[in-house]
Each structure stands twice: as structure tokens, then as C-alpha cells.
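**Q** If you want the building blocks of each chain, they are given just below.
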Amino acid sequence: MKGDQPMTLETQPVVINFGPQHPSTHGVFRLVLTVDGEVVVDAKMVLGYLHRGVEKLAEEKTYIQNITFTDRLDYLSAMSNNFAYVLAVEKLAGIAVPERAEYIRVIMAELQRIASHLMAMGTFYQDVGGWGGPLMYMFRDREKILDLFEMACGQRLTCNYMRPGGVSMDLPPEFIPELKKFIPAMRAYLDEYEELIAENEIFKIRTRGVGILPKELAIDAGASGPVLRASGVRWDLRKDDTYSIYDRFDFDIPTGTVGDCYDRFMVRLQECRQSLRIIEQAVRDIPGGPWINPGVRGNVWAPPGEAYAHVEGPKGELGFYLVSDGGVGPYRFKIRSPSYINLTALKEMTVGWKVADAIIILGSIDIVMGEVDR
Amino acid sequence: MTVLDYLYDLSNLVQAFADWLSTFSAGWVVYWVVGLIAVVTTLLFAVNNTLAMNYIERKVIAHFQVRYGPNRAGPYGLLQPVADAIKILLKEPIVPAAADRPVFILAPIAAFVPAIMPWAVIPFTPRMMVADLNVGVLYVFAMGSLATIPIFMAGWSSRNKFALLGAMRAVAQMVSYEVPLVLSIVGVVISAGTLSLRGIVEAQTIPYIIPQFLGFLVFFVAGLGELNRSPLDLLEAESEIVAGYHTEYSGFMFILYYIAEYTHLWAYSAFITTFFLAGWRGPLLPPYVWFVLKMLFVAFLLIWLRATMPRLRIDQLLGLAWKLLLPVALVNVFITALGVFIFG
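Chains A and B, in that order, are what the protein sequence lines are.
13 is the number of the first residue of the first sequence in the working numbering; add one for each residue after it.
239 is the number of the first residue of the second sequence in the working numbering; add one for each residue after it.
Chain B with its partners taken away, still in its complex shape (with noise of 0.2 Å):
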């Protein structure tokens, strides 16, 4: 192998050291050292992605908005990301006397720890994943669907109004977009056969955003009702309940939110990415770098959105999803069924 083959998949790498590791230990101590070779990188690339997304979509905004963006700390501003963090790293976490205590402060781990869970389904290269789940759609969908319930916390322990109101708003939300989000996604599965993401982008000889269009449509738009980005993102609507659910929150446990935010809409790439791009698949280029421009592609098109579009109300918003979404995806799943059934 030469450098060039390590170059084009990672994992030869680890492949590499787990054959040297071998030589001379046990075969459990391998299997650890290199899962958790894995997970350090996949947790390190998921976390470390929230400093490159503020600095990526404060300097694209920016650039929307006949604006330089941060352009002080560092060259380009590239460390103005590490100081943002390194100055709300050093304020205090501020309890308010009225809140509950022992949910205000659980509530931004719970947001974290499911933020970070589905990046270990997620194919970067055939090879490059922490695990391949024969169920690893179904397993993206359940640590989606947990994010509800820490913003519900958050809401309810604060005893702020604005937040009360932000977390009223999120379950409404994020239960109504999880119906589209899944039944759009299951076009995508009968069509590959598969719920594993490895399958989902080994089937698609063309990316499923060309036959899978409707769905990508669906899952495009209840995405962002599921990430609470705009045009849908009445969680945070600043013009109207300041910060939403996290606006007691300061310090670290803020932070704990900022990270789970931006990760979620990294993941959001990776799926878009995964199920209608054809994930890794590319001429030329290694395929991790193949996944990673696409995901960039897709986190664009969401900041473009932001600088773009107005809020929609919350009746229009819950109206969007049942009347709109649903149908669709389930027109959609019909669609396809019958494709593979005539055709398949």
C-alpha cells in the first residue's frame, strides 16, 4: 500500500495499526483500542464540526448581508469560533432561583449526548463508520426524536415565560415534523432494500434525489422543522420569545446547547448526504472528502435559507406539516412501493 491508499481511506490507517497492534496483543485489546480509535475521531470530528459551522455560517451570512463577518481574530477570523467558546466558557452558569434545579442542569447533557449519538451510523467511506447498524435508519430516527424532550426540560425547568412558551412550541413541533421526516425516508428504503446506511448509499447507483425526489423534498423541509433552523425555527424565534427555551441558559450549559444545535444540523447534512446524494460515491476524490463537500453543499443551502426567508407562524407551521408534508410522503411511499413492486 502506499501513501496514497492510506490518503484515500482513513481507515486503511487504522487498519494498519490494528494489524501491528495484533502482532503483539491480544485480539480484545485490538478490538477496543481501535473502537475507541473510532469513537474519539467521530466524537472529535461531530463536536469540533460546531466550530467550524459558526465560523462557515457566520461568514456566509455575513456575505448575504453585504457584511465582512468576522474577520479580527486570526487570519480571516478563523479563531473567532475559539474565542467565542473560550469567552462563554469562562461566565458562570447562571441557575435561576426559581427553576428546577435538577432538571435545569440535566437538561443540556440530555440535549448533548443524543446530538452525538447517530455519528456513529453515519458511512463517511464504506469503511469509515464507528458501526454499521442493519437498523441504522430506525436508530438515526429514535436519537432524533429524543431531542424533543431536553428542550422540553429546558422549557419547563427555567420558569421564564419566553421559554415556557419556546418549549410549548417544540413539542408541537418536533412531534408533528417527526411523522413526515420518517414516512419520507422509507421511499428510500424500500427502494434500497435496506435500513443500514452503508446499504442505503452502496444501492444508489444514481443519488435517490433524482427518483427519490419527492421524498428529498419532505425530508429537506421537515429537517428543518425537526432542527428548528429557519424558515421554521419558532423554537428561538428571537423577534418574538427572545432565545426560546434555552434563554436562561449561560455558560457551559449554554454551550452544551450550541454544540447539539450545530451538530444536529451537521447530521442533517450527513443524512441528506447519506440517503438522496449518494453519501460517499464520487469520481476523483477520496470518498470522505466526497461526503464531507456534499455535507458542506447541504449545510449552504440551510444558511442560505436562514439569510433568505421569513418565519412561518406556528398554526402555519403545524398546518405545513400535517396537511402538506404527511400527504406528500405518503403519496410518495405509495409511489415507490408500487416502482419496486412493478419494476423491482
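So here's chain A without its partners, still in its complex pose (with noise of 0.2 Å):
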């Protein structure tokens, strides 16, 4: 070594695989990490380790068949999955829906997104460190919700719950009453997440500033669902292009300002407020009448054409393509999932943070490998 040079340690990126079988992955997706020390340097994704080909299966299927796929594709959210799809088989095939099977779905699709942001926020609680405690709190609120699910469809998490034209079956008596105790009890359960997670001085200090997403990468990424709204963009399907029957409701789109981790984490928070209102609002007003339009029985035809309906659901944008020949199945079925697009920016937002903060960049997003890799 010459003397006149400052003694330098000699150090080299070191690559990181986390995944496809990490803890925090939250499923079977692999992200391969330079790290430099701790500071992520570059991060490349890889996907496809859950690829089942739902769409092509779908294709040598029919409609009603076609509904259950639906349920496997983001499987924390298997009612908003159903919502999508059946509005697509209706524009496709012009089913009109019964008013009361509307209010049914909403309160359905609501409830899911409550039940999914419950789970997003539980696991990215225990992204950042916090050892299950929340979790768990969450996961008994969310087995409320799934008994309500039970109660309607009989199933707890595929529900296979929405037809063409209404939902399978009419809501039980005892379902209302059980929705308006629950109703209260969840908005309590909310106030005191916000007060244990949100107020917390060390989930503040790890999330406040991390992963930021500016406003312009996000729509340009295609960003849609709380991680657009997070970055400040007032951007939600139930207002902007709105769909069944929510110009009825009255309800705020909560958004964020900065675009950080925390900011997503209270969007979720917020919006599980807001379905509250959606729920209690259509609870109110849920006229009688039949859950399923008389006129669809067993299977669905559609004349050859093609579709798109898109939901806001729990993750974004959840959209389904149909294309139908004349036949009893769709020709083509494409599935627009939120989950996946949203991790398009996944490395802006990674890149020059910590391993840990990677962990929870990722977290934030809130993603379903079923519904990424389809």
C-alpha cells in the first residue's frame, strides 16, 4: 500500500436471496437482493413459483365453473375476486342484477375488504417486528367476518358466493342482526389499532419516510388500490367509474400524503372505516325481493363479443378481460390483478434503504401471490 493513500477497506456487494421459502415473502415470492453491508443496492424479482395457468384453465371451462378460479386467485379476498368476475359475465351476456342482490354484494365486497386490509396491516405489523400480538387481534376480528361469510354462503374463504344475475343464495335471517353488532364492535376495534400500531413511537420511526412512492412513479407504474391513494392520488373505482350501486353511498376516499409505508398503512386503516359506513349505509336501505334474477337458471350464454369490468377491490384495480365465441365459456379470460401490477415499482422503492426496510417496502404493498402469478 502506498503511504500517502488512506487505508480503505476493500468491500463487495453481496447478493441475498429472499425467497421463494422466506418469513416475511407473505407466500412464495423470491426477491433477489445486492446488498451493500445492509443497504439494498439492487433488488430483482422473480416470479411465477405459484403460476397455475388460471387462465387458460378457465378457458375450457363455463361461466358458473369459471367463479371458483376466481375465488383461488387472491384468496384473502375471494368475495371482491367473485364481484369482479360476474360483473364482467353480466356485461358480457346482459344479465340485469335484482336490486336487493346489489345491496347483498356490496355488503359482501365491503366486508372483504375490511377482512383483507385487516390481514395486510396485521402482517405488515409483524414485517416491522411487532411479534404477532396485533396480528392475532386482527385475525379475530377478520374470523367475524368470515362467519358472516359462513353464515351467507357456507364458506368461510372461497366463497363462490356470486351468479351471474344475484348471489347463490339469499342472506339467512339471522345474518342482519349479526352485521349490525358487528358493526360497532369492529369501529371500536379499529380506534384501538390506530391508538396500538399507528401512535406507536418505534412503527412510526421505522415506517414514517420509508419506501416512498412519488405520485408520478405510482401512475406511471400503474399503481392502483391504497398504494396509488397513499402516494396522494384520489383515485378510487367506486367513485371515479362507478360500478352496481355506489353512487348510492355516501363515503370518503382516504388518501395519503407522502407515499411512505405509514401512509399506506393508514390508508387501509382508513378505509376499513369508511366500508364500515358503506355496510352500515346498505344495511339500512337493503330492500326485499329476490337475491337472484329469475331469468338466469344453471348455466350462462353470452352472444360473441368481449368485456371488461373492473372492481375496486381490497389490493387495486381487479379487472377481468372476457372474450366470448357464442360458447358456454369464455373464449379468452384475462385477469387484470392489482397485487401484481402494484409490485412494478417495487425496486424504485427498495433501492437505497435497508434490508429490514426492504422487508416492510414490501409488506406495505400488500401482495397476494396467489393473484400475482395466477
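Derived by calculation from the structure, the hints in this document are not laboratory data.
Keep in mind the model is a prediction, meaning the values are calculated, not measured.
Heads up, none of these hints are tricks.
Some residues of chain B that are not near chain A, with every Cβ distance over 10 Å (derived):
no., residue
1, Y246
2, D257
3, F283
4, A311
5, A321
6, K325
7, V420
8, P445
9, I493
No more than 27 Å apart at the CA atoms, straight line, and that leaves these computed lysine-lysine pairs for BS3-like:
no., chain 1, residue 1, chain 2, residue 2
10, A, K227, A, K366
11, A, K251, A, K346
12, A, K359, A, K56
13, A, K216, A, K366
14, A, K359, B, K399
15, B, K399, A, K56
16, A, K227, A, K216
17, A, K193, A, K156
18, B, K297, B, K329
19, B, K561, A, K366
20, B, K399, A, K366
21, A, K103, A, K68
22, A, K227, A, K251
23, B, K561, A, K216
24, A, K156, B, K297
We put the beta carbon where it would ideally sit given N, CA and C, even for glycine.
Once you've looked at the hints, go ahead and assemble the two chains, each given alone in its own frame, into the complex.
**A** Dropping the structure here:
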């Protein structure tokens, strides 16, 4: 070594393979991180470990059979997936939906949003390092939602409840009273979570300013849902491209200001409150009558053509694009899955942060691998 | 002496045994036998606490998390730790092919030994302790510092990137937290005027947690960092680096880490009890019962923290040690010294 040069330690970046089997990759997601010490200098996503070929499979099945496939996309929000799919089929086949069924669907979709967000927030807290406490509280509350689902359709996770033209069966008489009990309880729990998690100083310093997704990048990356809204973009399909009967309800769209992990968490928390507001109004207004279009019996035939329908799912814009050649099933079945597209900007969000941050940034996007890989 | 007297301080029992032994044995035999009894009982206490702590932690955390916790093996799941221990012991200790074999095997042993050493000076009662070292505090921290090296050995020799990350964090974290930890206790030492742990307890007419509150806070937080307990459990941050430095360990070698970790935890509870909660002192109950109760209370605080708190990031963690804990500890030393100089 030359005498006049300062002594430096030679270091080199290390490639670390996060996943597909890692405690916090939320499934079989693989993240190849190049780290310099603890700082991430490059992040590469490797997808496809859960690819099941749903889109191709669906072409071989009928419109009704495909509903069960949609349950298994984002398995934490089966109702929303059902909803988006049946909307597309109804558009394609021109099926009308009775009033009561619309209300039931909205109630279910909003309950599902709460259930999905609870999971997102709970696992996010676990990623930040909380040892399961709040996650288990959220499991407890989600359980009540799943009980309601079970009451309505006999299934908890893969509900398979909605049908083109309505829902598969009417709500049982004890459903609405139970739901009325659930709403104030859930409100109290949400306040509790805000106090326990969002006010926690360690949680704040871990998440504030971390993994910022700027407004422009969020739009360019095609992000949607809480990820987009946390970056300050007021975009919610329930209001901006209203579907079903969402125009009848009074609710706000919570948005963030910075687009960091904390904002994404808070947007989810506040969306749960808004969902409760929608459910409250729906329970108040729900009419009697048929729960499915009496004209729809058995399978559905659609005339040749194409249709795209989307809903504001818990994770973002969930869309189904169907092409019909006049048969009993779709000719082409394309899913626009929000988890997958929200992942696009992961590299930009992660690079420059520490390994621990990379984990919580991934957690804050809230992916479900069943939907990412399809 | 009545039975109650024996129960009040178990060392009376040993004393009686030693008296009986000395009626027909040479002095050195009595010395060694009594010493052996003290060492073995303390060791058993320290190691068996792992089983107890394992059960307590799982049960308490389960109730924090609205679960039941272990309730299958034995009444109230009391045998669960035993079942787990048997299960882990029956597993093959796997040494990765690329690992640095001697270091890999030596590391758990090197972690285990310093974990049980500090128990030698912990005073359960004025007489129930293996050795009343006049430099007890120094000895305790010396043993605590040793714990860093085996962790780095394990992380380095495993040839696993997660383990290496854990080891890197270990060195940064434990070296940083050593400093405020030692400084926070200086106030106690100045107040008590002795380095002997028994002397420190005897000096506490009021528990030092009141006059030395700053010192207690720093000791508590720095201790968490030293112990790698939540919220400062970066070495084995499960959500980030899987199991940290002991990712590659299994079977018996893993259990040694496990015991070392929990023994550290109990020792830490015992130190807080000794330094700040007036050790064995308390009305009515036998002194060692008071001691264990206070230890359990501290352990409960630790579990409570673990059930609630998220984890700090490595830079924030080091910032906490150097920017907050160290200055506070120094201020505490200054105030205490001034107080002793003026009033004492």
C-alpha cells in the first residue's frame, strides 16, 4: 500500500436471495437483493412460483365454473374477485341484477375489504417486527367477518357466492342482526389499532419516510388501490368509474400525502372505517325481493363479443377481460390483478434502503401470490 | 432451628449438612462438597429456568395474542417444554458442508458457558450464592461481553448470508450497547460504594429504582439490546434474516443457543432485581422467594414488550445507543457522583 493513500477496506456487494421460502415474502415471492452491508443496491423480482395457468384453464370451463377460480386468485378477498368476475359476465351476457342482490354484493365486498385490509395491516406489523400480538387481534376480528360469510354462503375463504345475475342464495334471517352487532364492535377495534400500532413511536420511525412512492411514479407504474391513494392520488373506482350501486352511498376516499409505508398503512386503516360506513348505509337501505335474476337458470350463454369489468378490490383495480365466441365459457379470460401491477415499482422503492426496510416496503404493498402469479 | 428456619433460607440446610459432615470429615472435603452442592444447584436452577421461561413466555404471549398457548402435553401444557426439548435433542445436528467445522461446533459451547457463569455471583439471599466476589459487577459485565464472540463465530462459520448478516448486526449492536449498559450501573456502584452484588443489595434501604431511575431506564433498554430481546432483537429478526446467526444450527447445538439465550434473559432479570429492585429484600416471605418473584416480574415486562413492540432498524438502534442512552448514562453518573459528594 502506498503511504500517502488513506487506508480503505475493500468491500463488495453480496447477493441475498429472499424467498421463495422466507418468513416474510407473503407466499412464494422471490426477491434477489444485492446488498452493500445492509444497504440494498439492487432488487430483482422473480415471479412464477405459484403459476397455475388459471387464465388458460378458465377457457376450458363454463362461466359458472370459473367463479371458483376467481376465489382462488386473491384468496384473502374471494368476494371482491367474485364481484369483478360476475360483473364482467353480466356485461358480456347482458344480465340484469335485482336490487337486493346488488346490496348483498356491496355488503360482502366491503366486508371483504375490511378482512383483507386487516390481514394486510397485521402482517405488515409483523414485518416491522411486532411479534404477532396485533396480527392475532386482527385474525380475531377477521374471524367474525368469515363467520358472516359462512352464514351467508357456507364458506369462509373461497366463498363462491356471487353468480351472474345475483348471488347464489339469500341472506339467512340472522345475518343482518349479526352484521349490525359487528359494525360498532369493528369500529372500536379500529380505534384500538390506531392507538396500538399507528401511535407507536417505534412503528412511526420505522415506517415514516420509508419506501416513498412518488405520485408520478405511482401513476406511471399503473399502481392502484391503497398503494396509489397513499401517494396522494385520489382515485377510487367506486367513485371514479362507479359500478353496481356505489353511487348511492356516502363515503370518503382516504388518501395519503407522502406515499411512504406509514401512509399506506393509514390509508388501509381509514378505508376500513369508510367500508363500515358503506355497510351501515347498505344495511339500512337493503330491500326485499329476489336475490338472483329469475331468468338465470343453470349456466350462462353469452353472445360473441368482449367485455371488461373492474372493481375497486382491497388491493386495487381488479379487472376481468372476457372474450366470448358464443359458447358456454369464455374464449379468453384475462385478469388484471392489482397485486402484480403494484409490484412494478418495488425496485425503485427499495433501492437505497436497508434490508429491514426492503421487507416492510414489500409488506406495505400487500401482495397475495395467488393473484400475482395466477 | 425449626423447619421454618431452614425453609426461610435454604443455605441453612446446606450449613447443617456441612456441620454434620465436618464431624467426621476433613475440612477440605467439606469445602469441596459444599462448593459442589452450590455449583450444581445454581447450574440446575439456571438451566431449568430455560424450561420454565419457555413455558411462561409461550403461555403469556399466547394470552397477549388471544390464544391459549400450549395446552396439550401434560396438565395446562406444562410438559410442552420437556416434549420440545426431547424433540430437538433427537434431531441430527447438521453441519453445513461449506461451514468452518471446528468454529461451527465450538460456537454453541462458547455461547453456553458465559451465559451460566454470571449465576455464580447472583445473591438469592445474603447467603445463597456460590461466590461473593468483591468485584462482582465487573465479573458480570466481563461475562456478558463474552457473549458477543460466539455469536459472531456462529454467524461467520455458518457460511450462510442470513447468519452473516445476523453476526454483523450482533457485533455492531452488542458492542454499542455494552457501553451504556456498563455506564448505567456506575451510578448504582457509586451509591452503594461496593462492587459486590451482595453489598449492593445490602445498601438498598430503598430500592435503587427510585434514586437511580435514569440509570434503571438506561440499564433496562441497553439490557434489551445486549440480550437481543424485542424491540431490539435485530440479531434474529425473523421477518428479515430468518433466524439470524443460528439459522444453520439444529439439534443439540441449537438447544445450547436456546438455553444460553434464556439463561441470559433470566440473568438479566436477576441483575435488575439485584441492582434496582433491592434483591432479596421484602417483608414476610423468605428472601429467595422475593428474589424469584421480582425476577419473574422483570421477565414478564420483557415478554410484554415482545408481544407489543415492533423492531428498530439497525441504524436507529445504534443511534439510540450512542445518541441517547450513552449521554443519559453519563449524566446519571455525574448527578450520582455529585449527590454522593454533597450528601454522602
